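Chains as they are written, first to last, in the working numbering: chain Z, 1 to 372; chain C, 373 to 568.
The hints are simulated quantities; they were obtained by calculation from the structure and are not laboratory data. A portion of the hints provided could be inaccurate.
As the list claims (entries may be wrong) - Derived lysine-lysine pairs resembling DSS-like cross-links, with alpha carbons at most 30 Å apart:
| no. | chain 1 | residue 1 | chain 2 | residue 2 |
| --- | --- | --- | --- | --- |
| 1 | C | Lys-500 | Z | Lys-340 |
| 2 | C | Lys-500 | Z | Lys-48 |
| 3 | Z | Lys-184 | C | Lys-515 |
| 4 | Z | Lys-190 | C | Lys-515 |
| 5 | Z | Lys-173 | C | Lys-473 |
| 6 | Z | Lys-173 | Z | Lys-116 |
| 7 | C | Lys-559 | Z | Lys-56 |
| 8 | Z | Lys-93 | C | Lys-500 |
| 9 | C | Lys-452 | Z | Lys-41 |
| 10 | Z | Lys-173 | Z | Lys-56 |
| 11 | C | Lys-411 | Z | Lys-97 |
| 12 | C | Lys-477 | Z | Lys-275 |
| 13 | Z | Lys-236 | Z | Lys-275 |
| 14 | Z | Lys-114 | Z | Lys-176 |
| 15 | C | Lys-452 | Z | Lys-67 |
| 16 | C | Lys-473 | Z | Lys-56 |
| 17 | C | Lys-473 | Z | Lys-114 |
| 18 | C | Lys-394 | Z | Lys-67 |
| 19 | C | Lys-454 | Z | Lys-93 |
| 20 | C | Lys-452 | Z | Lys-97 |
| 21 | Z | Lys-114 | C | Lys-411 |
| 22 | Z | Lys-173 | C | Lys-477 |
| 23 | Z | Lys-41 | C | Lys-411 |
Claimed, not checked - Derived DEER-like restraints, expressed as beta-carbon distance ranges:
| no. | chain 1 | residue 1 | chain 2 | residue 2 | range |
| --- | --- | --- | --- | --- | --- |
| 24 | C | Glu-470 | Z | Gln-169 | 37 to 47 Å |
| 25 | Z | Asn-369 | C | Glu-492 | 19 to 29 Å |
| 26 | Z | Leu-123 | C | Glu-453 | 47 to 57 Å |
| 27 | C | Asn-447 | Z | Lys-119 | 22 to 32 Å |
| 28 | Z | Asn-305 | C | Ala-486 | 16 to 26 Å |
| 29 | Z | Lys-119 | C | Asp-401 | 39 to 49 Å |
| 30 | C | Ala-485 | Z | Asp-179 | 24 to 34 Å |
| 31 | C | Ala-519 | Z | Lys-190 | 46 to 56 Å |
| 32 | Z | Ser-2 | C | Asp-401 | 14 to 24 Å |
| 33 | C | Glu-492 | Z | Glu-147 | 38 to 48 Å |
| 34 | C | Ala-485 | Z | Ser-51 | 34 to 44 Å |
| 35 | Z | Lys-67 | C | Glu-492 | 13 to 23 Å |
Bear in mind the structure is a predicted one, so any value in this text is a computation, not a measurement. Think of the CB as a built atom: it goes at the ideal place given N, C-alpha and C, for glycine as much as any other residue.
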Amino acid sequence: MSVKRIISYLLVVLAITSCLFIGYAVFKYYTTKPPVAEIDKARESIAKAKSAHASKYASERLHEAEKLFNTAMSEWTVQNTRFIAFRDFTHVKDLAKASLNISINAHSEADSQKNKYTKELELKLQQTTSQINLFENHYKNLPLGRENFDRYNKGKILYLEALHEYSNQNYQKALKLIDQAGSKLELAEKATQSKLNNFYEDYPDWEKNINQAFNLSKKQTIVLVNKIEATCAVLKGGKVIKTFDAEFGPNWMGDKIMKGDRATPQGIYKITKKKKDSSTKYYKALLLNYPNDEDVARFDRMKKNGSVSKGAQIGGLIEIHGHGGKGLHWTEGCVALRDKEMDIIYDMCPVGTLVFIVGSDKSLDEYLNAIK
Amino acid sequence: MKKYFVFIAVIAATLAFSSCAKAPQAEVDAANAALEQAKAAQADVYLEAEYMALQDSMNAVTADIEAQNSKMFGNYDSAKEKLAAITAQGSELVGKTEVKKEEVKEEVAMVQAAVATMMEENQQMVEKAPKGKEGKEAIEAIKSDLAAINASLDEIPALLASNDLMAAQTKANAVQQKAAEINTELKTVLEKYKRK
């Protein structure tokens with residue numbers, strides 16, 4: 001066999017082998033589908049999860065899905081660099097499918113987390129709104145002190161920020177803010193309740209005095225001042241016949257101890273003088289016998305035990321007078337009424353009329369239940 | 373014999389050409405750079421939906437390029453068009469984000485100015501409020517309100533400086549609402565006070 005013939009045979013073999021190989025390659029090319037559909041599905045699912053804010057509410061799962069997607073894409077690139085006959089997209093497809101499943105989970109986790117956050121947030125917002133309303137409508141008028149008001153106001157601003165974030169659907173931020181607001185408001189509320197507890201320690205005495213006032217009113221005109229309700233009532237025939245809005249000293253929550261404490265006294269007093277025209281600068285006035293014997297005895301006791309300074313004075317000139325209706329507690333300790341109401345009480349109450357000043361006609365529990 | 377050589381040469385050339393097709397890498401890089409710039413401009417914060425859509429378009433084009441790479445005769449014309457569009461949209465998004473940020477800054481500045489005016493008015497009303505015997509202390513609560521508003525107002529410049537515009541906007545709106553409430557409250561108190 002000549003060399004030429006051998007070469008010719010080899011070329012034929014090579015050509016046949018090539019044809020077979022190319023045939024195989026073409027077969028592989030048409031039978032091995034690239035992972036286009038799988039990758040598209042995974043990509044679309046990730047985009048949907050992101051639209052559902054999975055980056056905020058299911059960040060770990062979304063991150064995992066994205067990582068798998070990126071790995072799938074890298075693996076696809078690697079396979080594409082291979083000769084078509086040797087490409088294998090099985091792993092790419094598996095990775096894409098895993099990414100798809102995890103991104104679907106991320107989507108549903110985001111939805112459920114968002115739902116959970118929204119519910120939790122709405123509940124907290126509702127609770128905080130109640131706290132704020134309670135404070136605005138009832139506690140804010142109590143002389144709570146600057147520190148307590150500061151706590152409340154900081155809490156209120158945080159609450160408003162939380163509402164803003166809530167309306168922008170930033171639930172996580174809103175939750176954080178509402179928690180901060182809640183803790184400030186809780187402190188303010190606790191301090192308020194403690195102040196109310198102290199104030200209401202005298203409730204048994206008030207209850208006794210109120211009963212006495214109603215009993216005495218069956219035979220004579222009685223004035224009953226209720227501090228927490230900010231009212232001044234005239235009792236006659238065992239019942240209330242007139243009720244007026246009243247204003248007191250800014251530190252009305254508690255008994256008057258001494259001159260300058262801007263508190264309104266609590267106890268049983270008597271009208272000692274009626275003033276009008278030039279004798280008072282508050283339209284008309286009914287002077288009370290503050291300090292009474294009980295006030296003097298307590299003041300002396302406190303002076304002795306050092307609760308008040310040695311130079312302190314007990315004060316006086318406590319009146320029921322006009323120029324009220326300002327909507328705030330502004331007197332030095334007097335009870336202020338509107339001028340037209342002062343006319344009524346002035347005419348109804350002669351000198352000697354008993355004036356009962358109490359903190360409240362309800363117990364603390366009754367008061368709190370009533371306002372809540 | 374020659375026929376065999378020609379046949380093999382044609383097959384080899386076909387295979388060679390099929391693997392020579394190249395992805396539009398320059399366009400891919402440009403589109404990625406545009407996306408990076410948009411992110412650096414905080415488009416993901418201020419125009420989140422648009423940024424996410426663009427990011428998804430980029431992922432789709434990348435997948436399309438790989439799909440073409442998988443073909444024997446890849447065609448990148450469509451991918452090139454889409455990449456050019458992404459690059460343009462990315463740059464546009466940077467501009468839009470800057471505009472949005474400016475809008476937020478302007479809104480915050482406007483609210484700050486409005487609150488400052490309101491606070492001035494509030495302060496003047498506090499000055500007019502009951503004095504001496506007629507109870508300056510009675511407006512302790514309102515003074516605390518004003519102090520809280522001022523404290524929150526003071527936090528806004530720091531938030532703006534740290535580019536936390538959304539937090540600044542939230543705070544500014546909350547402060548404005550609170551200042552408006554106090555304004556109404558003070559007006560009511562003064563009105564009652566005038567009436568005696």
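Hints versus structure:
1. Our distance criterion of 30 Å between C-alpha atoms is met by Lys-500(C) and Lys-340(Z), whose separation comes to about 25 Å.
2. Among the hinted pairs, Lys-500(C) with Lys-48(Z) is inconsistent with the structure: their alpha-carbon atoms are about 58 Å apart, more than 30 Å.
3. Between Lys-184(Z) and Lys-515(C) the CA atoms are separated by roughly 18 Å; this keeps the pair inside 30 Å, and the hint holds.
4. A C-alpha spacing of about 21 Å is found between Lys-190(Z) and Lys-515(C), which places the hinted pair at or below 30 Å, so the restraint holds.
5. At roughly 20 Å between alpha-carbon atoms, Lys-173(Z) and Lys-473(C) fall within 30 Å of each other, so this suggested pair holds.
6. Using a Cα cut-off of 30 Å, the hinted pair Lys-173(Z) and Lys-116(Z) holds, with the two alpha carbons roughly 14 Å apart.
7. Note on Lys-559(C) and Lys-56(Z): the hinted pairing is violated, with a Cα-Cα distance of about 43 Å set against a maximum of 30 Å.
8. For the hint pairing Lys-93(Z) with Lys-500(C), the CA-to-CA distance comes to about 77 Å; that exceeds 30 Å, so the pair is violated.
9. Proximity of Lys-452(C) to Lys-41(Z) is assessed by CA-CA distance (about 22 Å); at most 30 Å being required, the pair is judged to hold.
10. Proximity of Lys-173(Z) to Lys-56(Z) is assessed by CA-CA distance (about 11 Å); at most 30 Å being required, the pair is judged to hold.
11. Using a Cα cut-off of 30 Å, the hinted pair Lys-411(C) and Lys-97(Z) holds, with the two alpha carbons roughly 28 Å apart.
12. For the hint linking Lys-477(C) to Lys-275(Z), the alpha-carbon distance of about 62 Å lies beyond 30 Å, and the restraint is violated.
13. Distance restraint check for Lys-236(Z) and Lys-275(Z): the Cα-Cα separation of roughly 23 Å lies within the 30 Å cut-off, and the hinted pair is therefore satisfied.
14. Distance hint between Lys-114(Z) and Lys-176(Z) is fulfilled; the C-alpha atoms sit about 14 Å from each other, no more than 30 Å.
15. Simply put, Lys-452(C) and Lys-67(Z) have alpha-carbon atoms about 26 Å apart, close enough for the 30 Å limit, and the pair holds.
16. Proximity of Lys-473(C) to Lys-56(Z) is assessed by CA-CA distance (about 21 Å); at most 30 Å being required, the pair is judged to hold.
17. With a CA separation close to 27 Å, the supplied pair Lys-473(C) and Lys-114(Z) stays within the 30 Å bound.
18. For a cut-off of 30 Å, the pair hint linking Lys-394(C) to Lys-67(Z) stands: about 26 Å separates their Cα positions.
19. Between Lys-454(C) and Lys-93(Z) the alpha-carbon distance is near 25 Å, which keeps this suggested pair within the 30 Å criterion.
20. The straight-line distance between the Cα atoms of Lys-452(C) and Lys-97(Z) is roughly 27 Å, inside the 30 Å bound, and the hint therefore holds.
21. In summary, the hint linking Lys-114(Z) to Lys-411(C) is supported, as the alpha carbons are separated by about 25 Å, within the 30 Å threshold.
22. Taken as a hint, the Lys-173(Z) and Lys-477(C) pair is honoured in the structure, with Cα atoms around 20 Å apart against an allowance of 30 Å.
23. Restraint check for Lys-41(Z) and Lys-411(C): the C-alpha separation of about 25 Å stays at or below 30 Å, so the hint holds.
24. A beta carbon spacing of about 24 Å between Glu-470(C) and Gln-169(Z) contradicts the range 37 to 47 Å that was offered as a hint.
25. Our hint of 19 to 29 Å for Asn-369(Z) and Glu-492(C) is violated, since their Cβ atoms are close to 42 Å apart.
26. At roughly 51 Å, the beta carbons of Leu-123(Z) and Glu-453(C) sit within the given window of 47 to 57 Å.
27. Take Asn-447(C) and Lys-119(Z): their Cβ atoms lie about 51 Å apart, and the range 22 to 32 Å is violated.
28. In this structure the supplied range 16 to 26 Å is violated for Asn-305(Z) paired with Ala-486(C), their Cβ-Cβ distance being about 54 Å.
29. The hinted window of 39 to 49 Å between Lys-119(Z) and Asp-401(C) holds, with their beta carbons roughly 46 Å apart.
30. Taken as a hint, the range 24 to 34 Å holds for the pair Ala-485(C) and Asp-179(Z), whose Cβ atoms sit roughly 31 Å apart.
31. The supplied range of 46 to 56 Å is broken by Ala-519(C) and Lys-190(Z), whose beta-carbon atoms lie about 21 Å from each other.
32. For the pair Ser-2(Z) and Asp-401(C), the supplied restraint of 14 to 24 Å is violated, since their beta-carbon distance comes to about 59 Å.
33. Glu-492(C) and Glu-147(Z) have their C-beta atoms about 26 Å apart, which leaves the hinted 38 to 48 Å range violated.
34. At about 37 Å, the CB distance of Ala-485(C) to Ser-51(Z) agrees with the hint of 34 to 44 Å.
35. Hint check: Lys-67(Z) to Glu-492(C), Cβ distance near 55 Å, so the stated range 13 to 23 Å is violated.
Consistency note: the structure conflicts with the earlier hints numbered 2, 7, 8, 12, 24, 25, 27, 28, 31, 32, 33, 35.
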